[in-house]
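Asker: Quick note, the sequences are listed as chains A, B and C, same order.
So in the numbering used here, spot 97 of the first sequence is number 1047, and the numbers just go up one at a time.
So in the numbering used here, spot 147 of the second sequence is number 258, and the numbers just go up one at a time.
So in the numbering used here, spot 32 of the third sequence is number 34, and the numbers just go up one at a time.
Hints in this document: simulated from the structure, not taken from any laboratory.
Yeah, the Cβ is synthetic: ideal placement off N, Cα and C, and Gly gets one too.
There's no promise every hint is true.
Stated by the list, open to error - Reference excerpt, derived from the structure (chain A facing chain C, CB under 7 Å, subset only): (1) R1034; (2) Q1040; (3) D1076.
Said to hold, decoys possible - No farther apart than 16 Å at their CA atoms in a straight line, the calculated lysine to aspartate or glutamate pairs in the EDC-like style are these: (4) A:K1002 <-> C:D511; (5) A:K1125 <-> B:E211; (6) A:K1001 <-> C:D511; (7) A:K1001 <-> C:E555; (8) C:K399 <-> A:D985; (9) A:K1002 <-> C:E555; (10) C:K399 <-> A:E1035; (11) C:K103 <-> A:D1094.
Stated by the list, open to error - Over the 10 Å line for every Cβ pair with chain A, so calculated as not near, a few chain C residues: (12) S38; (13) A145; (14) G147; (15) E153; (16) R161; (17) A203; (18) Q355; (19) F394; (20) L481; (21) A490; (22) L506; (23) E544; (24) P546; (25) A644; (26) V645.
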Amino acid sequence: MEAKTLNLTLKVWRQENADSPGRLETYEARDISPDISFLEMLDMVNTGLIKKGARPITFEHDCREGICGACGFVINGHAHGPDRETTVCQLHMRSFRDGQTLYIEPWRAKAFPVIQDLAVDRSAFDRIQAAGGYISVHTGSAPDGNCLPIGQERAGEAFDAAACIGCGACVAACKNASAMLFVGAKVSQFALLPQGQPERDGRVLGMVGQMDAEGFGACTNEFECSAACPKGISVSHIARMNRDYLAASIKKQD
Amino acid sequence: MGRFLDSSLGRKVVMASTGMLLVGFLAAHLLGNLTLFADREGEAFLAYANKIHDLGPLLWVAELGLVLLFGLHIYMALRLTRQNRLARPIGYQKPGQLGESSAGSRSMVITGLAVLGFTIVHLINFRFSKGLGAPESDDLLVEVKSVLTNPLYAAIYLMGAIAIGVHLSHGFRSLFQSFGIFHTRLNRVAKIAGYALAILFALGFAAFPIVGMLVWKGDLS
Amino acid sequence: MSKKASKKPATEKSSILLSNEPGGDLETAWARHKASMKLIAPNNRRKFRILIVGTGLAGASAAASLAEMGYHCTVMCIQDSPRRAHSIAAQGGINAAKNYKNDNDSVFRLFYDTIKGGDFRARESNTYRLAEVSGSIIDQCVAQGVPFAREYGGVLSNRTFGGAQVARTFYARGQTGQQLLLGAYSALMRQVHEGKVELKARREMLDLVKVDGVARGVIARNLQTGEIERFGGDAVLLCTGGYGNVFFLSTNAKASNVTAAWRAHKRGAFMANPCFTQIHPTCIPVHGDDQSKLTLMSESLRNDGRVWVPKSGDDKRSPADVPEADRDYYLERKYPSFGNMVPRDVASRNAKQVCDEGRGVGPSQLAVYLDFRDAIERDGEDAIRARYGNLFQMYEKITAENPYKVPMRIYPAVHYTMGGLWVDYNLESTVPGLFVLGEANFSDHGANRLGASALMQGLADGYFVVPYTIATHLAGRKLSKLDLGHEAFGEAEAAVRGRLDRLLAVKGDRTVDSFHRELGLQMWDHCGMSRTDEGLGKLLQEIPKIRERFWNEVRILGDANYMNPELEKAGRVADYLEFAEMMAADALHRSESCGGHFREESQTAEGEALRKDDKFKYVAAWEFQDVGKPEKLHKETLEFKAVELSQRSYK
Ligand SMILES: Cc1cc2nc3c(=O)[nH]c(=O)nc-3n(C[C@H](O)[C@H](O)[C@H](O)COP(=O)(O)OP(=O)(O)OC[C@H]3O[C@@H](n4cnc5c(N)ncnc54)[C@H](O)[C@@H]3O)c2cc1C
Ligand code: HEM
Ligand code: HEM
Ligand code: SF4
Ligand code: F3S
Ligand code: FES
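Same shape as in the complex, but just chain A (with noise of 0.2 Å):
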């Protein structure tokens, strides 16, 4: 399979902290095999840099395998790029042209404030989390594990929420900046389970009202979370969470 290589261009977002202001900067990338992951692309490009003494580009990653959510910025306005149900650093260069020029940019929320070049804070995700995205369980009080039966199909549901990774795509997908798929997919997998439903109402409202404290926008229901997510997290989970929080309040007035 010798395949032919890819020259591109890079218009790169190049911000050096926090609080300085950063910019767009142009890098070529030459004789890409479309066999590389285009993190190995950016790694083939920060070679190019270091040997020519230029701070090279700041991305975030870890596993490289699609499961950690530490990877993500913006391809073409198009979060985790273009291919479906793919993070960044599972996307292949194969799924590009020759000659393109690929605007790459981080996420883009106020509640996920740059750090360097495309690295982003999202601690937030974690705050929202301690605010209820969990059942409280002391080590060693739990009673057998198949004390719960619970239906095929509803525990596969519960999963498919709990597969979101928190890489935060859905926020920087979203016109809005919205964090209502994530929160709507921890609100869900444990509405779904049995498990999860002494602590149902108090989870939802803790969760929202932080997800509103960190600065998330409101959801216009525009359904572009899902389509980024790289796990295709569905929609639905976030019209659980809104009846969730409808419940929920109309039972816990305070």
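Following the hints, position chains B and C with the ligands against chain A.
Answerer: Positioned in the frame of chain A, the structure of chains B and C with the ligands alone reads:
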């Protein structure tokens, strides 16, 4: 309740409820107004108008309700829009999309504000008549026809009708999701129904200025 | 720096290596041990601060449990969120002796399989305890909302894994590690919410601080701001994962490192069996020089896929055109009873062997076929899709080849490290107050780890072992008041700063990665799937040279005062360059074959691994001397009371 209305989700529920009721009002209003086309003399229309006016104090209540609906809907719309703008202070140099976002969905405030603008003009025309150069007349029928035959007003009404259509092309589908009703199939149905409703409303309301300019104008002169 | 590591390391029959096992029969050992341990009353626990480095399964579960018990915890990790620890990538599943499938599984069987699978190089008591608490792990995770696979009736589902003869593996599609970690992470975040855990993400531990000989803190770099920070505790828990990235190319996450363990080692923690690494047979082959990472394909594929290469190395036909007669299903041929299901080390070694014979396939010639043709013919494409759809999709995403039509190409890759910091039964290292959990320790897997056992061990250590055993340290020792101003912190901080400055001062012309690749290649060639006296000797000469070049030629731009990923990488590679030498020395000294450690000099007539129990039935624990100086070997002799030593055979 305070927390509910302060949250983005609570506000969306208010948007959806008021939006839905406004759709209901529009449907009724459109049907009522269609009586204008029932007969050349406008008897059906006048009968309908009289019926409404006969409601007396009830009409007051209904009007108050309408004002509230509009008010809440607009207030929440502006609050949410502000929140959403603030949530992304720096945009993308090269935007793109993959999902179901549409021109209609991205321009909800604009079409909404267009509807608001239209409504103000419209209310001045009919509710607080004798304004803006409309021929003074106590006869509602004459008044309506005189407005709809005025090219400037006709244009505004046409714009209003289109704005409503575009607004609902996203709004109708959207309200189900806001209430938390989602199903892949339902989503498809709601989407199609939303477009159908949008076209229906746009055509329905646009019919008046069009007929006004093409037919009634001839009648009057 | 002495260029040549002597072949016979200084050895000491150790009195330092006290395993602190309870003794007596295994079935009651843990219970007796727990009963004999000191307690710390709930209201006294808040007087202690525990410092936990790492938020993988081991770290997150330990932190959540300890905080819940009332201890104050400080938790740090390299990634921007604890949820991204490398455990997230585990696919296949987690073992537990639940016997839900009624196939006569038991704690003893799980224990036995683990000991045997580890080729009798693990401590019995630790491994038994692991099997004993395995069931509680599943209960705990279910209660946390981990969406395990279920049967139609709603009960938990199990599958067989890695050649086990019972179905004891619990799984959550192909993302078991993710779901388990998210469970532990959620428990951790609950404690963050309650104010019992101080979470420090984007921190890299760069040194261990000992006060009066006891581990009392770490020096860490804030990877975002560049600040060097001091963290203190009454105990330090290292849960920092494995060092597979010493090979550069591995299935480990990019940030996986030996740094934390190595710095602790340099401060006195012995490192045990570092040469025990696991090479996983079913990974996607290397495609080119720019590759940064290898991807694992779940082992479950071997349940239906048949492994083969052409009989002749000159056969360059496309796989579909190779007739049955010209194919060599070498695993089925050599191991008629286990066939394609032989353990990982055996499968890997055989793949290497056929490629060495020049019969490898694909552009690199370093791959073998994993063919589903027969399975598809037998069960239909739909059945195969239902079983492996997501894996096939992943394969296609990476290779752009459709495995329903063309056989997959696979090759072994570094995957897991059984070796690690030496710990006793309480999981305490040779540095008092320093506990080591999860893949970072050496404890439970011997020379080879069974599939689905690492997740089990990480969670066992964190949820069910350390929360109790830590009391032996906290209540058993008189601890001075914690003082971040203590000179020991100052000294360690200065050392860390000095090292960062030295790295930045080199100002050479080669990238960090180029050194990492160079080291990795050497390690792979000489300390990988099979090892020889000669190769290891060469390696031991090569490593110091690479290290020297590194310190003269590496180029790291920018400074240490803000985020600088190249600087982070450089620090890790520098540590690998020191660590690798010890690893090679360990491999050289252990002139037997066992588990993942295959010494060509030690094989049976049929070419299988030959263990030498008379000489090597011990844990090799190494004590740091100085960089470039051979380390001192300590031996913990292994006693086998519950199991009989036997030579593994999969014929
Ligand atoms: C692709 C793949 C698939 C696998 N599949 C399975 C499977 O199916 N079943 C199974 O049982 N096992 C599997 N394993 C093995 C298993 O995933 C790991 O052994 C296990 O998850 C390790 O957990 P841990 O908690 O010890 O460490 P990790 O999860 O590696 O966590 C390490 C933590 O330490 C932190 N850290 C490291 N160094 C530092 C430092 N210097 N300073 C600060 N923090 C630091 C990291 O940030 C991270 O939080 C798999 C492994 C791989 C690579
Ligand atoms: C008769 C007049 C109007 C009708 C029938 C109407 C109807 C609707 C409906 C059904 C929705 C969807 C609610 C949801 O998604 O939950 C909506 C949303 C919205 N409306 Fe209106 N609306 C009207 C007037 C206005 C006006 C005057 C504004 C002025 C600002 C406005 C601004 C918006 C905005 C910003 C949204 C949010 C978009 C979204 O959530 O998708 N609307 N409207
Ligand atoms: C284009 C065709 C329309 C015609 C011919 C029409 C006609 C009228 C008439 C005659 C009245 C006066 C009723 C009365 O005072 O008894 C009226 C009132 C009103 N119309 Fe319309 N209308 C049209 C479109 C719209 C649209 C699109 C909207 C909404 C956005 C709207 C909103 C209103 C409102 C809010 C009132 C005031 C109701 C009240 O105070 O009772 N109209 N309309
Ligand atoms: S919902 Fe999808 S896009 Fe959003 S964080 Fe989770 S995985 Fe990423
Ligand atoms: S794209 Fe945004 S508007 Fe809602 S449906 Fe998704 S969060
Ligand atoms: S690097 Fe882990 S998901 Fe991309």
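Asker: Does each hint fit the structure? Answer for all of them.
Answerer: Going through the hints against the structure:
Because the closest C-beta pair between R1034 (chain A) and chain C is about 11 Å apart, greater than 7 Å, the hint is violated. This hint holds: Q1040 (chain A) has a C-beta 6 Å from the nearest C-beta of chain C, less than the 7 Å allowed. At its closest, the beta carbon of D1076 (chain A) sits 5 Å from a beta carbon of chain C; the interface hint therefore holds under the 7 Å criterion. In summary, the hint linking K1002 (chain A) to D511 (chain C) is supported, as the alpha carbons are separated by about 9 Å, within the 16 Å threshold.
At roughly 12 Å between alpha-carbon atoms, K1125 (chain A) and E211 (chain B) fall within 16 Å of each other, so this suggested pair holds. Straight-line distance between C-alpha atoms of K1001 (chain A) and D511 (chain C) comes to about 7 Å, which keeps the hinted pair within the 16 Å bound. Restraint check for K1001 (chain A) and E555 (chain C): satisfied, since their Cα atoms lie roughly 12 Å apart, inside the 16 Å limit. Only pairs whose Cα atoms come within 16 Å are accepted, and K399 (chain C) paired with D985 (chain A) is accepted, the gap being roughly 10 Å.
A hinted pair counts as satisfied when its Cα atoms are at most 16 Å apart, and K1002 (chain A) with E555 (chain C) qualifies at roughly 15 Å. With a C-alpha separation of about 11 Å, the suggested pairing of K399 (chain C) with E1035 (chain A) holds against the 16 Å cut-off. With a C-alpha separation of about 15 Å, the suggested pair K103 (chain C) and D1094 (chain A) falls inside the 16 Å cut-off, and the hint holds. Residue placement check: S38 (chain C) keeps its beta carbon more than 10 Å from all beta carbons of chain A (closest about 19 Å).
With 10 Å as the threshold on Cβ separation, the claim that A145 (chain C) sits away from chain A is violated: the shortest Cβ distance comes to roughly 4 Å. With a cut of 10 Å on Cβ distances, G147 (chain C) falls inside the contact zone with chain A, its closest approach being about 5 Å. A beta-carbon of chain A is positioned within 10 Å of the beta-carbon of E153 (chain C); the least distance is around 7 Å. Even its closest Cβ contact with chain A, about 15 Å, leaves R161 (chain C) beyond 10 Å, as expected for a residue assigned away from the interface.
Annotated as non-interface, A203 (chain C) brings its C-beta within 10 Å of a C-beta of chain A; the closest such distance is 7 Å. Listed as a non-interface residue, Q355 (chain C) keeps its Cβ farther than 10 Å from every Cβ of chain A; the least gap is roughly 26 Å. For F394 (chain C), the condition that its CB be more than 10 Å from all CB atoms of chain A holds, with the nearest at approximately 14 Å. Residue-level check passed: L481 (chain C) sits 24 Å from the nearest beta carbon of chain A, beyond 10 Å.
For A490 (chain C), the non-interface assignment is confirmed: its Cβ lies about 31 Å from the closest Cβ of chain A, beyond the 10 Å cut-off. The beta carbon of L506 (chain C) sits about 13 Å from the closest Cβ of chain A, which is more than 10 Å, so the claim that it is off the interface holds. Distance check for E544 (chain C) against chain A: the nearest CB is about 23 Å away, which clears 10 Å, and the non-interface claim stands. Distance to chain A confirms P546 (chain C) as a non-interface residue, since its nearest Cβ pair spans about 25 Å, more than 10 Å.
For A644 (chain C), the shortest C-beta to C-beta distance to chain A comes to about 26 Å, beyond the 10 Å cut-off, and the non-interface label holds. Distance to chain A confirms V645 (chain C) as a non-interface residue, since its nearest Cβ pair spans about 28 Å, more than 10 Å.
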